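*Asks:* Taken in sequence, the protein lines are chains A and B.
Here my numbering is used: the first residue of the first sequence is 608, the next is one more, and so on.
Here my numbering is used: the first residue of the second sequence is 608, the next is one more, and so on.
Keep in mind that the hints were calculated from the coordinates and are not lab data.
Values in this document were obtained by computation on a predicted structure and should not be read as measured data.
Nothing false has been slipped in among the hints.
Repeated chains share a single entry, so a pair holds when one copy, or any two copies, can fit it.
Under the rule of at most 25 Å between Cα atoms (straight-line distance), these lysine-lysine pairs were calculated in the BS3-like manner:
#1 LYS690 / LYS644
#2 LYS644 / LYS660
#3 LYS623 / LYS644
#4 LYS660 / LYS623
#5 LYS644 / LYS876
#6 LYS747 / LYS623
There are 2 protein chains.
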Amino acid sequence: MELYHLRTFVAVAEEKHLTRAAERLFTSQPAISAHIKALEETLGVTLFDRTPKGMRLTRVGEELLPRARQALAAASAVMQHAKGLQDELIGSVRIGLNTDARFLRLTALQAALSANFPRLEVSMLTGSTGTNVPAVRVGKLDGAFVTGEIDDPTLSVCYLCDEPLIVAAPTAFREQITSTDVAALARLPWVFTSPDCSHYRAMRVLFEAHCCEPVRTLIANQEDALVEMIRAGVGLGIVRKGALPADDPLAYELPVALAPAPLQFVHLKKRDNDPVIRAVVQALCAVWDIGTPQDQVREAG
Amino acid sequence: MELYHLRTFVAVAEEKHLTRAAERLFTSQPAISAHIKALEETLGVTLFDRTPKGMRLTRVGEELLPRARQALAAASAVMQHAKGLQDELIGSVRIGLNTDARFLRLTALQAALSANFPRLEVSMLTGSTGTNVPAVRVGKLDGAFVTGEIDDPTLSVCYLCDEPLIVAAPTAFREQITSTDVAALARLPWVFTSPDCSHYRAMRVLFEAHCCEPVRTLIANQEDALVEMIRAGVGLGIVRKGALPADDPLAYELPVALAPAPLQFVHLKKRDNDPVIRAVVQALCAVWDIGTPQDQVREAG
DNA sequence: ACGCGCCATCACAATTTCCGAAGACGCGAA
DNA sequence: TTCGCGTCTTCGGAAATTGTGATGGCGCGT
Chain A
608 MELYHLRTFV AVAEEKHLTR AAERLFTSQP AISAHIKALE ETLGVTLFDR
658 TPKGMRLTRV GEELLPRARQ ALAAASAVMQ HAKGLQDELI GSVRIGLNTD
708 ARFLRLTALQ AALSANFPRL EVSMLTGSTG TNVPAVRVGK LDGAFVTGEI
758 DDPTLSVCYL CDEPLIVAAP TAFREQITST DVAALARLPW VFTSPDCSHY
808 RAMRVLFEAH CCEPVRTLIA NQEDALVEMI RAGVGLGIVR KGALPADDPL
858 AYELPVALAP APLQFVHLKK RDNDPVIRAV VQALCAVWDI GTPQDQVREA
908 G
Chain B
608 MELYHLRTFV AVAEEKHLTR AAERLFTSQP AISAHIKALE ETLGVTLFDR
658 TPKGMRLTRV GEELLPRARQ ALAAASAVMQ HAKGLQDELI GSVRIGLNTD
708 ARFLRLTALQ AALSANFPRL EVSMLTGSTG TNVPAVRVGK LDGAFVTGEI
758 DDPTLSVCYL CDEPLIVAAP TAFREQITST DVAALARLPW VFTSPDCSHY
808 RAMRVLFEAH CCEPVRTLIA NQEDALVEMI RAGVGLGIVR KGALPADDPL
858 AYELPVALAP APLQFVHLKK RDNDPVIRAV VQALCAVWDI GTPQDQVREA
908 G
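Construct the entire structure; sequences and hints are all you get.
*Replies:* Here it is, written out as structure tokens:
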């Protein structure tokens with residue numbers, strides 16, 4: 608028994624004629640006849656009395672008709688519900704973070720997403736550029752914030768802004784620091800970031816340009832931890848300019864030129880057309896006030 | 608969208624593998640794949656995430672699954688209900704009567720029918736042999752009691768018993784009746800039945816055998832009316848033996864030999880295998896204590 | 001008696017569905 | 001890394017189902 612049997616059953620019961628039911632269902636009268644016959648055979652009952660004036664429901668048919676309608680309505684409800692769902696974005700998205708929430712404008716992102724896609728569940732998961740990239744690659748994250756150049760052909764990258772980086776020094780070091788010559792600074796203790804972190808790369812670029820290697824004092828991979836270490840006098844470090852207040856009494860910025868690091872959002876390139884990804888990218892573009900996603904998403908490498 | 612799409616959808620959702628779902632549904636795996644693909648296309652949504660380990664329900668799929676189950680259950684309810692109905696006799700049957708209820712053992716017939724077929728609606732409609740036969744022929748009655756030979760190839764006849772017929776005379780006529788010679792009796796007034804009635808034929812047979820024609824005084828086509836006329840002294844008449852009490856003070860039986868009239872039940876021959884007809888015939892056989900229906904139903908003519 | 005409308009049946013065509021094989025892909029073990 | 005395994009998808013052709021138009025039977029009304 609299939610739905611078309613029931614559709615035909617109901618149509619014939621309502622029209623009381625195979626001919627009219629056939630017209631209503633845009634098919635031929637023999638087809639309708641066959642449907643009814645097949646249905647009667649599989650159900651093992653007679654649904655209609657055949658009269659010269661048409662088809663009249665049997666008592667059994669009368670009992671079965673409302674149930675057939677109910678089955679059709681249930682099937683229709685599936686279609687209906689699907690129709691309602693097909694444009695709505697439903698599902699979950701896991702976004703990896705690589706620095707603090709405020710800098711990433713997460714509240715605005717969340718607001719934009721929940722306004723446009725109220726049924727999308729968003730998970731913001733802390734991490735770092737170094738951990739986020741492989742997580743996106745293996746599907747543990749749907750997308751992630753990263754800093755610095757990404758060189759992976761399987762990823763799509765969406766540029767958001769440039770993060771200015773600075774060399775920060777503890778106020779306690781002020782008298783030891785006689786010049787901002789990099790080679791001289793390299794002899795002082797430095798707070799490292801883990802190789803995961805994008806700042807690590809900036810640091811390597813800086814010192815490799817001057818052919819020197821700083822003393823590795825401590826490793827921190829969380830920006831606020833890094834800043835705290837610097838302020839506590841553990842050593843110098845590279846941080847986002849925004850992470851260090853201008854009037855901080857315990858640390859200050861050294862006038863060393865550092866290339867800014869680009870803040871970006873990455874996701875698997877093969878999911879470029881995934882509606883969830885498009886939704887997130889669209890929200891990001893609104894939050895960061897950049898153009899249409901198409902203009903901004905470019906291939907990595 | 609057809610039911611098999613939903614069946615496959617539910618099976619795949621439960622088995623989480625096209626392969627296993629295919630086994631469960633006794634079909635091939637590409638067929639299952641096509642079902643899901645077609646369903647997703649018609650619904651306009653993605654129901655499953657394809658993973659190397661199998662199929663995982665999408666959030667949308669999860670929302671749709673219970674509704675799909677509901678539709679299948681509703682369809683199954685139609686089947687179930689039909690199964691329950693297919694052996695039960697449902698409908699109505701109209702039976703024509705040709706004489707009084709007690710003689711036809713109607714209470715016993717009704718009891719037998721309602722015991723075996725509680726959902727069968729039985730209508731007992733008064734009439735006469737002459738009106739019943741055409742009513743059965745055109746379908747106004749499903750079956751009827753008739754008396755006398757029926758000569759219609761479209762009807763099936765079920766013999767029930769012989770009705771003894773008698774010539775009844777008013778007690779007031781006793782002195783006028785000097786002999787039981789039919790020709791002499793024919794000169795007295797007679798209460799006729801209508802030509803519809805089976806007794807009419809008996810009367811014609813009687814008088815034609817003696818080449819005489821009685822005086823037609825009155826016509827009654829209801830047996831109790833007939834008896835009342837006779838008892839009132841209107842004339843002689845032919846009645847069922849049981850319709851005239853042996854000790855009736857107003858009428859008595861004349862010793863005239865009359866062939867008994869067979870009481871029978873007739874129905875359209877083409878409905879021999881109609882379950883409703885079979886049910887009625889079966890009940891009649893039980894009530895009249897005759898053999899199986901097959902043995903008793905014989906062709907008319 | 002005839003035409004009309006209804007449904008059932010038939011043979012054949014159109015469509016759909018199904019199947020087996022081959023391909024793509026990710027995963028895990030060697 | 002490479003191979004084998006299991007998964008789903010796709011493909012072409014076969015099989016089954018469904019649909020079509022013509023035909024016939026039947027009852028009814030003109």
